[in-house]
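Those protein sequences? They're chains A and B, same order as listed. Counting in UniProt numbering, the first sequence runs from 1 upward without gaps. Counting in UniProt numbering, the second sequence runs from 1 upward without gaps.
Hint data in this document are derived by calculation from the structure and do not stem from the laboratory. Bear in mind that the values here come from a model prediction, so they are computed numbers and not experimental data. The C-beta atom is built at its ideal place from N, Cα and C for all residues, glycine as well. Treat the hints with care, as some may be off.
Not the full set, but computed from the structure, chain B residues with beta-carbon under 10 Å of chain A [as the list claims (entries may be wrong)]:
#, residue
1, Glu14
2, Asp170
3, Lys174
4, Glu175
5, Glu186
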Amino acid sequence: MSDDDGQAAMPHWFDDDAGPVVRPYAMTRGRTTSPAQHRLDLIAVVIAESHAEETEADQTLSPEHVDIVGLCRDTPQSVAELAAELDLPIGVIRVLIGDLVDDQLVHVTRPVPPAELPDESILRDVINGLRAL
Amino acid sequence: MIFKRSERGTAPVEPVTLKILVAGGFGVGKTTLVGAVSEIKPLRTEETLSEAGRPVDDVDGVPGKHTTTVAMDFGRITLREDLVLYLFGTPGQDRFWFLWDELATGALGAVVLADTRRLEDCFAAVDYFERRSIPFVVGVNCFEGATRYPSDAVRHALDLDESTPVVLCDARGKESVKEVLIDVVEHAMAVGAAARQPVTT
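Sequences and hints are given; from them, build the entire structure.
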């Protein structure tokens with residue numbers, strides 16, 4: 001740790017290091033869950049609906065909503081990836097995705113339900129896929 | 001980006017996603033393991049060990065470890081266009097246990113990484129997966145300079161079930177990590193098959 005001590009003693013906070021300008025849950029207007037929303041798994045995949053094209057012009061959406069739809073329109077994204085990509089807490093991302101599901105701009109695939117193993121053929125595919133890496 | 005950009009008008013492929021957890025004590029190489037096979041740079045929130053964490057996070061016996069993962073980190077392996085495996089590294093410190101249930105839900109299985117110099121660090125993880133009946137494999141990360149022990153000795157020291165695989169691995173090596181992950185899936189399959197089998201007396 002010794003060679004790091006000099007830097008650690010004088011923290012310089014710039015830009016991202018200084019923390020978010022908008023507190024995370026301000027983006028959800030204080031909501032920590034969204035009503036009709038089932039708990040989204042970290043690996044649930046969010047897919048933009050084909051009619052979700054002009055989201056930028058939609059005044060009811062926040063910039064973060066637009067970002068999510070934009071990312072998912074290119075390629076389906078998992079909840080965890082969206083959180084990492086947009087640098088938002090998982091909790092915030094869940095609420096925002098809930099809004100978009102309500103607006104029918106995206107839909108979410110459900111991963112294999114907990115305590116239920118996926119099909120054996122899928123597991124075999126996973127093993128073969130790993131071997132082929 | 002992972003999936004092929006879909007043609008306009010055609011629906012994108014909706015992939016099946018699976019996750020495997022990577023658990024183990026602080027500084028045992030979880031992030032390294034995820035990084036060894038992930039096709040993306042592991043996405044993470046990693047912060048320098050803070051003053052507050054210094055008395056808590058014991059780095060004795062882990063030379064060169066200056067940072068600790070304070071949030072989950074994860075990697076991705078696209079096996080097929082419609083089949084994606086995510087690896088989630090669990091937070092190494094006990095004070096982040098609340099994140100575990102979230103991560104463990106729906107997990108296919110887990111790797112518990114062990115360091116023979118600090119074997120007791122993975123007791124908590126072993127305990128956690130045993131109690132929740134999540135299939136797991138113990139991977140003994142063979143650090144340079146650490147004494148090698150036969151896997152049976154490790155199994156005995158951890159008081160593991162006979163059926164729980166113990167494998168020696170190198171968390172830095174892609175091939176080695178691949179083998180461990182295959183072991184996890186095979187073990188999960190075996191556990192699943194055993195559960196489906198009617199009990200015969």
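Hint validation: Asp170 of chain B versus chain A, beta carbon distance must be below 10 Å. Holds or violated?
violated (16 Å)
Should the interface hint for Glu175 of chain B be scored as holding, given a Cβ-Cβ cut-off of 10 Å against chain A?
This interface hint holds because 9 Å falls under the 10 Å limit.
Under the criterion of a CB-CB separation shorter than 10 Å, is Lys174 of chain B in contact with chain A as hinted?
holds (7 Å)
Checking hints one by one. Is Glu14 of chain B an interface residue toward chain A, by the C-beta closer than 10 Å rule?
holds (5 Å)
Next item in the hint list is Glu186 of chain B. Is there a CB on chain A closer than 10 Å to its CB?
holds (7 Å)
Hint check: a violation occurs at hint 2 only; the rest are consistent with the structure.
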